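Asks: Here are the chains, one letter per residue:
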Amino acid sequence: MTGAPVRTQGPDIQSGTIMDRSRAGRRAFSFPAPDVPEAAVPEEFARRGRPALPEVAERDIVAHYTRLSQMNYGVDTGVYALGSCSMKYNPKIAETVASLPGFQRAHPQQPDHTVQGALELLWRLERALCEVTGMARATLQPPAGACGELTGLLLMRAHHTKQGNARTRVAIPDSSHGTNPASVRLAGYEALHIPSDARGLVDVSALEKLVDEDVAGLMLTNPNTLGLFEEEIEKITSVVHNAGGLVYYDGANLNAILGRCRPGDMGFDIVHINTHKTFATPHGGGGPGAGPVGVTEELVPYLPVPSVERDEATGEFRLSADREDSIGRMHGFHGNFGVLVRAYAYVFLHGSDGLQEVGERAVLNANYLAELVKEAFPLAYPGRPMHEFVATARPLRDRTGIRAMDIAKRVIDLGFHPPTVYFPLVVEESMMVEPTETETRETLDGLAAAMLQAAQEAKTDPDILHQAPVTTPVRRLDEARAARHLKLRWS
Amino acid sequence: MEFPRDLRYTNEHEWARDEGGGRVRVGITDYAQDALGDVVYVDIPELGTAVTAMQPFGEVESTKSVSDVYSPVTGTISERNPLLDERPELVNESPYGDGWLVVAEMSDPSELDSLMDAEAYEAFVSQAETE
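Same order as they appear, the protein sequences are chains V and B. Going by numbering that gives the first Met the number 0, the first residue of the first sequence is number 0, and it counts up by one from there. Going by numbering that gives the first Met the number 0, the first residue of the second sequence is number 0, and it counts up by one from there.
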């Protein structure tokens with residue numbers, strides 16, 4: 000059984016931050032005396048005061064952060080069914096591959112002939128991503144999914160500008176993730192909202208009315224943000240194409256259809272991939288990520304440079320900036336290379352049959368779990384979900400006053416990371432659950448049992464839910480106060 | 000849940016109070032604040048901003064979401080609630096009182112007649128609840 004509450008020993012988080020361990024003059028290192036003459040730092044670059052950094056012994060730094068990590072719950076600790084986020088377990092073999100010295104110690108400014116292996120990996124990964132998505136070429140530069148979105152929209156803009164009219168609006172379904180409208184604005188477009196129908200799918204007749212010659216394109220995930228497959232996808236893409244627009248595939252949910260069907264075959268023109276969702280690279284958490292973007296043949300001239308090309312005669316790989324209409328760079332060098340190596344490892348350790356099975360198991364696990372909990376948490380929409388499902392605690396709230404947030408907090412006490420709550424916004428008291436493909440049946444049974452126990456307690460012992468969580472280092476946080484009185488610095 | 004009789008209501012869950020002389024005070028309803036949850040930030044336009052009936056003129060952000068606020072009437076903003084910058088929670092605590100958002104000078108006072116009265120709004124909310 001996964002997810003037993005973590006009990007830590009020793010100093011806990013309440014004992015203070017790393018700054019509280021700071022003692023003036025203490026160091027985690029000692030340099031030898033210099034054996035070269037000291038050079039003075041030019042006055043204009045010299046610091047006026049001491050930096051506000053902790054002065055701590057190495058031993059204390061390690062203790063502090065190890066302790067914090069023990070208080071955390073992560074993909075290595077247990078199932079993390081946070082819907083929409085795809086908190087996949089990251090296989091350790093990908094870490095091993097990424098640590099190979101030839102990859103880890105390569106420098107991005109080395110001459111091409113000294114890094115043929117690294118360039119070949121990028122070249123092969125690009126082709127694998129194109130095969131999975133049905134695209135012609137791809138850029139590996141974007142350092143995260145959101146940057147992939149922006150890249151895709153800039154490609155869309157470049158295409159329309161070349162045609163003589165950049166257009167002004169981009170259509171987005173009302174169930175979409177918040178990054179979509181944000182990317183649209185960043186790319187200089189206005190967001191045009193497309194309503195969902197009673198099934199939770201794009202309202203095609205509304206789309207037909209709203210899409211005109213001023214709409215640059217449509218951004219869509221499929222399966223969509225509610226975990227439902229857009230059955231009329233070919234109709235949807237042709238409505239947009241008929242008005243001269245392009246269709247952008249947000250790769251957030253590509254993991255559900257891996258090896259089964261391809262965005263390119265559905266009529267999409269631009270596809271971004273979240274490597275952490277589809278290929279189990281670590282979640283960035285603000286750190287390095289990768290959001291490659293694939294395009295159809297028509298849009299290849301606008302892709303960022305440099306790209307990796309292979310000389311057919313010699314088989315040598317080289318970086319090329321030969322693309323006159325390119326939108327330019329989206330990131331320094333080649334994107335986050337170490338993350339791309341992990342994605343490559345994942346793709347090739349599974350192979351095409353294995354990747355298809357990844358998608359199938361993700362769908363099976365989500366549907367198994369949905370069936371187990373549906374009595375207490377019915378699906379928000381009638382259709383069969385794919386790799387994740389949106390349930391609602393609305394009936395429970397109406398009967399007991401207990402909300403999705405209370406259930407989530409209680410599930411923590413029962414040893415599991417709770418599902419996403421209150422997203423997507425179009426569903427009241429929503430609970431979005433995505434168990435991912437790696438969890439065993441026993442784990443899914445355990446999570447379901449915890450959710451059902453919480454629902455039962457809502458009727459018999461609601462106080463337990465109001466109090467929850469009680470097993471964690473800190474109790475229920477006052478999220479409203481935290482947001483109203485932002486405190487973003489330690490001092 | 001409260002539905003004060005002296006107010007007019009929109010189907011986007013704003014209320015409007017006719018204060019005479021073309022002035023109308025605007026806020027979000029008890030139902031709206033309950034659905035939003037704890038309000039953490041209120042974004043309302045500067046004085047003198049022109050607003051249009053049933054167009055968004057501001058945003059209310061809660062721990063759950065960010066929602067547009069629609070203007071019940073067409074006109075110009077003449078007052079903003081100065082308390083909300085420091086105490087956005089007033090929207091939850093007193094949606095019809097200290098949690099008001101703005102006062103607008105209406106260009107067409109008859110617009111108020113097209114909004115729902117308390118009875119109609121209460122029925123509208125109860126319909127939304129059973130859906």
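Fair warning: there could be bad hints in the mix.
Taking lysine-lysine and the DSS-like style, the derived pairs with C-alpha atoms no more than 27 Å apart in a straight line are [unchecked claim]:
1) K63/B x K208/V
2) K373/V x K486/V
3) K234/V x K208/V
4) K373/V x K63/B
5) K458/V x K63/B
FYI, nobody ran anything at the bench for these hints, they're computed from the structure. Only a predicted model underlies this, so the values are computations on that prediction, with no experimental measurement involved.
Asks: Which of the stated hints cannot be reconciled with the structure, identified by number in ascending sequence?
Replies: Structure breaks hints 1, 2.
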